[in-house]
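K.L.:
One letter stands for each residue in the lines below.
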Amino acid sequence: MTISVAASTRTLTAETVFDLLERVRHKTPRVHAITNAVAQSFTANVLLALGAVPSMTFAREEVAAFVAGADALLINLGTLDEARREAIPLAFDAARTAGRPVSIDPVFVNRSPVRCTYARDLIARGPDLVRLNEQELEALFPERANAEELIAAGTVLAVTGPEDRIEGRAEDFRLMNGHPLMARVTATGCAGGAVLSAFASVETDTALAAACGLSVFNIAGEIAAGRARGPGTLVPELLDALYVMSLDDIKARLRA
Amino acid sequence: MTISVAASTRTLTAETVFDLLERVRHKTPRVHAITNAVAQSFTANVLLALGAVPSMTFAREEVAAFVAGADALLINLGTLDEARREAIPLAFDAARTAGRPVSIDPVFVNRSPVRCTYARDLIARGPDLVRLNEQELEALFPERANAEELIAAGTVLAVTGPEDRIEGRAEDFRLMNGHPLMARVTATGCAGGAVLSAFASVETDTALAAACGLSVFNIAGEIAAGRARGPGTLVPELLDALYVMSLDDIKARLRA
Amino acid sequence: MTISVAASTRTLTAETVFDLLERVRHKTPRVHAITNAVAQSFTANVLLALGAVPSMTFAREEVAAFVAGADALLINLGTLDEARREAIPLAFDAARTAGRPVSIDPVFVNRSPVRCTYARDLIARGPDLVRLNEQELEALFPERANAEELIAAGTVLAVTGPEDRIEGRAEDFRLMNGHPLMARVTATGCAGGAVLSAFASVETDTALAAACGLSVFNIAGEIAAGRARGPGTLVPELLDALYVMSLDDIKARLRA
Chain A
1 MTISVAASTR TLTAETVFDL LERVRHKTPR VHAITNAVAQ SFTANVLLAL GAVPSMTFAR
61 EEVAAFVAGA DALLINLGTL DEARREAIPL AFDAARTAGR PVSIDPVFVN RSPVRCTYAR
121 DLIARGPDLV RLNEQELEAL FPERANAEEL IAAGTVLAVT GPEDRIEGRA EDFRLMNGHP
181 LMARVTATGC AGGAVLSAFA SVETDTALAA ACGLSVFNIA GEIAAGRARG PGTLVPELLD
241 ALYVMSLDDI KARLRA
Chain B
1 MTISVAASTR TLTAETVFDL LERVRHKTPR VHAITNAVAQ SFTANVLLAL GAVPSMTFAR
61 EEVAAFVAGA DALLINLGTL DEARREAIPL AFDAARTAGR PVSIDPVFVN RSPVRCTYAR
121 DLIARGPDLV RLNEQELEAL FPERANAEEL IAAGTVLAVT GPEDRIEGRA EDFRLMNGHP
181 LMARVTATGC AGGAVLSAFA SVETDTALAA ACGLSVFNIA GEIAAGRARG PGTLVPELLD
241 ALYVMSLDDI KARLRA
Chain C
1 MTISVAASTR TLTAETVFDL LERVRHKTPR VHAITNAVAQ SFTANVLLAL GAVPSMTFAR
61 EEVAAFVAGA DALLINLGTL DEARREAIPL AFDAARTAGR PVSIDPVFVN RSPVRCTYAR
121 DLIARGPDLV RLNEQELEAL FPERANAEEL IAAGTVLAVT GPEDRIEGRA EDFRLMNGHP
181 LMARVTATGC AGGAVLSAFA SVETDTALAA ACGLSVFNIA GEIAAGRARG PGTLVPELLD
241 ALYVMSLDDI KARLRA
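Protein chains in written order, with the working numbering: chain A, 1 to 256; chain B, 1 to 256; chain C, 1 to 256.
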């Protein structure tokens with residue numbers, strides 16, 4: 001489903017992408033991620049390779065303190081147990097109070113009506129960014145108008161797929177980096193969402209931050225796929241590629 | 001303990017093993033795994049490398065919907081907390097209603113009497129497959145007759161060790177693939193169990209499915225051990241080997 | 001903050017370090033680790049590469065039985081949810097009853113006052129070992145005298161940083177192995193703590209055990225950093241280096 005409210009589609013330059021990457025590397029932002037159990041370790045390693053500092057607790061007694069001391073909050077619904085359900089609104093409130101960007105990744109809402117309802121309520125609170133794929137988008141917004149309203153109200157949608165679309169109020173982005181082998185590793189999408197959070201902590205134009213962060217992550221995936229023999233070796237190669245990514249790497253590969 | 005009720009021990013051909021592997025690759029079955037926290041990520045990556053699609057939630061509100069939409073259910077008892085305890089019967093019922101194969105992996109029942117009792121009750125419900133090692137087998141069935149009754153009633157036992165034994169009502173299998181280095185990586189057994197679940201989703205002869213799935217996983221381990229310098233490099237190599245495994249790989253190595 | 005009550009700083013020999021490593025390899029100790037969700041898999045793999053046998057459940061019904069059958073207990077506070085909170089005192093008591101060494105890793109106590117209070121109460125029970133970094137040390141013991149009292153009462157502190165300090169009642173150690181790239185992988189500190197637990201299970205002089213265990217882990221990190229291209233390839237290399245570490249490796253690198 002195409003959902004665009006923006007007047008124009010913006011093209012990224014390698015210099016802009018690299019500038020934001022360097023800002024992340026220098027700021028070493030703290031990203032608090034309430035993410036699913038399968039994705040936690042890979043997400044933490046992606047953030048560290050990028051130069052960010054992850055924390056991941058969702059104990060209700062301490063989650064607000066962690067978020068208050070963080071530079072960005074990521075909420076991923078991949079394993080939505082009771083403890084996470086309780087922690088998520090506390091974390092959302094703490095991020096809003098501290099003025100930190102909030103991203104939501106409504107994983108697999110197309111697989112569970114209960115989760116879909118939960119995600120819809122959460123998104124109605126107006127996060128800065130929602131990252132999701134085409135099936136999740138359709139499950140969440142059977143009426144296209146609802147997605148458009150959300151964007152018009154200021155939430156950026158990052159719709160991932162063979163082509164990624166960043167849908168902002170003022171501008172859209174169309175991104176064509178990435179590699180099919182990434183889909184054969186668990187939680188690459190979830191970990192990529194954490195990159196977007198890290199980028200949103202250094203750039204208030206959330207659509208631009210999301211476009212640059214996703215391009216960096218997908219370029220790392222491409223570089224890794226070129227060196228890997230399969231999904232197993234892809235993981236260490238992807239982390240290494242993120243860690244050493246240069247302006248030249250981005251210039252050679254950016255398609256946005 | 002030898003427990004056999006089958007009339008004959010069947011020999012596998014590489015062609016049969018590869019045929020089932022290809023059926024998994026083409027079906028891309030959804031495998032819902034309620035598995036222990038340590039094994040989740042590796043299990044998901046093994047399933048993806050194989051061509052299957054993992055889901056892993058155990059939130060009681062949504063687990064039945066996930067299982068209803070899955071092609072197979074794996075229940076692994078490796079970290080048996082309250083949330084998993086609650087989810088497991090809901091998942092089992094949903095799989096039975098949907099007619100999906102159910103596998104149980106009673107990890108470490110020899111280490112905790114409470115867990116052993118829980119596992120025994122669960123297995124009394126008649127899953128399609130139980131994967132366990134020799135010590136777990138003896139903890140669960142101090143009387144050999146109970147294991148034989150279970151098999152006679154239609155549950156297949158996959159007893160892993162230096163030699164693996166698949167014990168079915170009609171036929172047995174003796175499998176000799178695998179490598180000792182696999183035991184130096186956490187959750188290889190658990191992840192291997194998920195392969196059996198994926199194979200059970202494409203072949204109703206559960207004993208045959210288990211024998212083929214375990215052979216594929218152990219051959220991947222052998223190939224990986226030949227390329228690895230230790231347990232660290234074994235993990236990416238094993239995933240890559242699963243991903244690219246050919247009929248020739250199986251022909252060259254199958255010992256079953 | 002320098003906190004020393006010991007009369008002397010002891011120097012390690014490569015032979016002593018290797019002797020303890022070999023004792024771990026031959027004993028294959030069971031280490032029960034209640035550790036954070038992000039660290040579980042890597043910690044288990046570090047223990048297995050070392051020759052130890054991990055278990056990680058924190059279900060309250062079974063945790064005591066697991067600890068009673070283990071050779072050492074590690075309590076890591078990295079994700080301190082309700083289930084872990086309940087399990088920790090049960091595990092601590094079971095370890096004390098069985099006479100097993102208890103190590104505590106008060107991760108991120110500087111990020112949450114609630115967690116800091118919890119950790120302080122736990123440490124007041126007198127574990128054998130506390131592993132922490134400089135910021136965590138200062139959060140826990142704003143008054144230096146409290147840390148000194150703890151050491152004088154028999155708890156060993158392992159304070160990690162660019163230089164690691166093992167502070168015991170009778171002797172101190174100063175350790176200078178390790179590599180900055182290790183900090184770019186999640187849970188290296190947590191996994192290193194598990195190595196200390198494994199070493200404490202073969203040597204009653206806890207300060208010596210901690211010094212040897214930390215040296216082995218950090219030397220593995222150095223060897224891995226020499227072979228890795230970034231934090232991604234560091235992980236498999238570190239596990240391989242632990243698995244094959246020889247007396248010559250230690251002789252060539254030990255700085256303690």
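No lab work stands behind these hints, which were simulated from the structure alone.
Computed from a predicted model, the values in this text were never measured in an experiment.
Check the hints yourself; a few may be wrong.
Identical copies carry no separate label here, and so any pair may be met within one copy or between two of them.
Stated by the list, open to error - Lysine to aspartate or glutamate pairs mimicking DMTMM-like chemistry, simulated, CA-CA at most 25 Å apart: (1) K251 to D19; (2) K251 to E222; (3) K251 to E82; (4) K27 to E134; (5) K27 to D205; (6) K27 to E138.
K.L.:
Decide, hint by hint, whether the structure agrees.
P.N.:
Against the structure, the hints:
In this assembly of identical chains, K251 and D19 lie within 25 Å of each other by CA distance solely inside one copy; the values are 12 Å within and 44 Å between copies. Taking the shortest Cα distances, K251 and E222 sit within 25 Å of each other inside one copy (13 Å), while across copies they are farther apart (33 Å). Taking the shortest alpha-carbon separations for K251 and E82, neither the intra-copy value of 45 Å nor the inter-copy value of 48 Å comes in at or below 25 Å. In this assembly of identical chains, K27 and E134 lie within 25 Å of each other by CA distance solely across copies; the values are 21 Å between and 33 Å within a copy.
Proximity of K27 to D205 under the C-alpha cut-off of 25 Å is restricted to the intra-copy arrangement: shortest distance 17 Å within a copy versus 42 Å between copies. Within a single copy, K27 and E138 get their C-alpha atoms only as close as 36 Å, which misses the 25 Å cut-off; across copies the closest is 24 Å, which meets it.
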